[in-house]
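Q: So you can see what is in the structure, the chains are spelled out below.
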Amino acid sequence: MQNLPLPVLNPALFEDVANWFCQIPHSATIGLEFVMGERGHATLRVPYNTALVGNPRSGVLHGGVMTSLIDTTSALSVFSMLNEREAIATLDLRIDYLRGATPGQPVYCTAECYRLGRQIAFTRATAYQEGNDQPIAHGVATFMRESSQAQLGSKKEGA
Amino acid sequence: MVQLEILHAAKESGNYDSIIDQIPYAKLLGVVMREENGQPLFELPFSDHNIGNVHLPALHGGAIGGFMENAALLHLVWARESAEVPRTIDFSLDFLRSGKAQSLYARCDITKQGKRVANVRMTAWQEDENKPVAVARAHFLLS
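Heads up: the sequence lines are chains A and B, in that order.
1 is the number of the first residue of the first sequence in the numbering used here; add one for each residue after it.
1001 is the number of the first residue of the second sequence in the numbering used here; add one for each residue after it.
Note that these hints are calculated values from the structure, not bench results.
Every residue, glycine too, gets a C-beta built ideally from N, C-alpha and C.
One or more hints might be untrue.
For each label pair, taking beta carbons as the anchor points, the in silico distance ranges come out as [stated by the list, open to error]:
| id | chain 1 | residue 1 | chain 2 | residue 2 | range |
| --- | --- | --- | --- | --- | --- |
| 1 | B | Asn1037 | A | Asp92 | 27 to 37 Å |
| 2 | B | Ala1101 | A | Glu15 | 21 to 31 Å |
| 3 | A | Gly131 | B | Asp1021 | 42 to 52 Å |
| 4 | B | Asn1037 | A | Leu9 | 49 to 59 Å |
| 5 | A | Gly131 | B | Asn1037 | 25 to 35 Å |
| 6 | A | Arg118 | B | Glu1084 | 18 to 28 Å |
| 7 | B | Asp1109 | A | Asp96 | 35 to 45 Å |
| 8 | A | Pro103 | B | Leu1141 | 18 to 28 Å |
| 9 | B | Lys1011 | A | Glu38 | 27 to 37 Å |
| 10 | B | Leu1141 | A | Pro56 | 16 to 26 Å |
| 11 | A | Gly59 | B | Gln1113 | 26 to 36 Å |
| 12 | A | Arg85 | B | Lys1131 | 23 to 33 Å |
| 13 | B | Lys1011 | A | Arg39 | 46 to 56 Å |
| 14 | A | Glu38 | B | Glu1129 | 20 to 30 Å |
Computed list of chain B residues with no C-beta within reach of chain A, every gap over 12 Å [to be verified]:
| id | residue |
| --- | --- |
| 15 | Ala1010 |
| 16 | Lys1027 |
| 17 | Leu1029 |
| 18 | Asp1048 |
| 19 | Gly1052 |
| 20 | His1060 |
| 21 | Glu1081 |
| 22 | Asp1094 |
| 23 | Ser1103 |
| 24 | Gln1126 |
With the rest of the complex left out, here is chain B (with noise of 0.2 Å):
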């Protein structure tokens, strides 16, 4: 659940903490959230609890998985201006490189949205964009 006045008064000033304060597991993680070029851009910022191999180091997978499915809901709740946050139905996700220990980012394609259901893509990547750590698709059950 997310207030529409927060979401507006976010979007009017480009800063989404306050939405991101209303999801516990999105503040765990460190998740930020702003605006580019008219679309929404996700960033988790490299922190030590994010870690999966302290040896290497990298991220977590579950932790780029949680960023990324947090980062479709974020991105739904942007594009329907809906106090509704989705439900995931699924959440298939490629890993195709292992994440450093530095920022990860994420931008989302509402690929088809229906009256029930949403189909969305997540790409995440770390220094270019054209190099994803990871893919990711999700349905979600909106309202």
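Excised from the complex, chain A in its bound form (with noise of 0.2 Å):
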């Protein structure tokens, strides 16, 4: 039996996380909003929007706005099971492009932490639209932990 959902291990924390990744300047930007949230998973949505197109004759949506899609809600799967604020940075990161977006329709990515050690990240993430199987795009990414002394999230010094 595995796969069973459990709660993000840090409910205010993720919730904090995932409010403050939904509005860092370049996430409002392209229209980031926060899904749903268990342990080790996270999902997120672009709306669709014109201005995030790559190919104007197609109105298929930018690769670098999945890469940004991908990359937030891979982060934001790794604070699903952070019991403590952290910094945590991206290493390194893959998209396999699938098809192209179909117009109109917001975009989904679910992502999934499969392994938390101690110093990296493991996550793998599914980019995809309601109502049709076929994935737009697979992620899978890196991410270093405790990366920075700076702050992080929303929360200053003392709070």
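From the two separate chains plus the hints, produce the assembled complex.
A: Structure representation (structure tokens):
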């Protein structure tokens, strides 16, 4: 029996980071929205927006938008397994583009942190659209834990 | 889809804004393209909307990746003189340093161009080209 869902480890931390991830300037620029989370998993989405198109003739979203969506969702999946706030940094991210996103529809991304090591977190993610079983993209990433002494998240010192 | 006349005019004048204008996401990021030593050089001028961490502040990893992918696509359009914008098959990105609140530059190298697929390497840096912020490689489907 695997993959039975559990709540995120620290709901207050997760919610705070999820909100923060969607509010950071570049996320707000592409319109990133939080959808849901559980232990080891996070789901975000990007609503369709013509400003995010890569090819105006087809209206398909640019691959760079998928990069942002997959990177952010993957990072959030790591936070679903953390008890305390820490800074993490993407080490590498690899994306396979399986099909163009259908214009006019939001794109969802669900990510799983399938291994949380002491220093490194490993994630895999799928970008998809409602009503189409064929994913748009697959992404795998690794994250360095405790990557920075800099304050992370929306809370300031002492908060 | 890039109109060849626009590409030729851009190469003639050295001003590639008209090419960028045809790719909405490149325009949103604020990508600037110019030629240096006969090769395209890309710049992502610093802008608040590309910030990922407001406390450092640092560029968003996704914006860095999006910028580099745009650079590779534009480099291919430039090199191939083709109206068709290639399609990304896969994209692999290594983050080496955090991107500071300043301009990010990128240069691309077509490692191999076949009939159907091209392999492109990208390097992005800020103050020193020998200290890259990120390196990436991608495969593109041509035509």
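Q: Decide, hint by hint, whether the structure agrees.
A: For each hint, the structure was consulted:
no., hint, result
1, Asn1037(B) / Asp92(A): 27 to 37 Å, "holds (30 Å)"
2, Ala1101(B) / Glu15(A): 21 to 31 Å, "holds (28 Å)"
3, Gly131(A) / Asp1021(B): 42 to 52 Å, "violated (33 Å)"
4, Asn1037(B) / Leu9(A): 49 to 59 Å, "holds (52 Å)"
5, Gly131(A) / Asn1037(B): 25 to 35 Å, "violated (49 Å)"
6, Arg118(A) / Glu1084(B): 18 to 28 Å, "violated (47 Å)"
7, Asp1109(B) / Asp96(A): 35 to 45 Å, "violated (22 Å)"
8, Pro103(A) / Leu1141(B): 18 to 28 Å, "holds (19 Å)"
9, Lys1011(B) / Glu38(A): 27 to 37 Å, "violated (52 Å)"
10, Leu1141(B) / Pro56(A): 16 to 26 Å, "holds (19 Å)"
11, Gly59(A) / Gln1113(B): 26 to 36 Å, "holds (27 Å)"
12, Arg85(A) / Lys1131(B): 23 to 33 Å, "holds (29 Å)"
13, Lys1011(B) / Arg39(A): 46 to 56 Å, "holds (54 Å)"
14, Glu38(A) / Glu1129(B): 20 to 30 Å, "violated (43 Å)"
15, Ala1010, "holds (17 Å)"
16, Lys1027, "violated (8 Å)"
17, Leu1029, "violated (7 Å)"
18, Asp1048, "violated (5 Å)"
19, Gly1052, "violated (6 Å)"
20, His1060, "violated (4 Å)"
21, Glu1081, "holds (18 Å)"
22, Asp1094, "violated (5 Å)"
23, Ser1103, "holds (16 Å)"
24, Gln1126, "holds (16 Å)"
The structure fails hints 3, 5, 6, 7, 9, 14, 16, 17, 18, 19, 20 and 22 (numbered hints given earlier, in ascending order).
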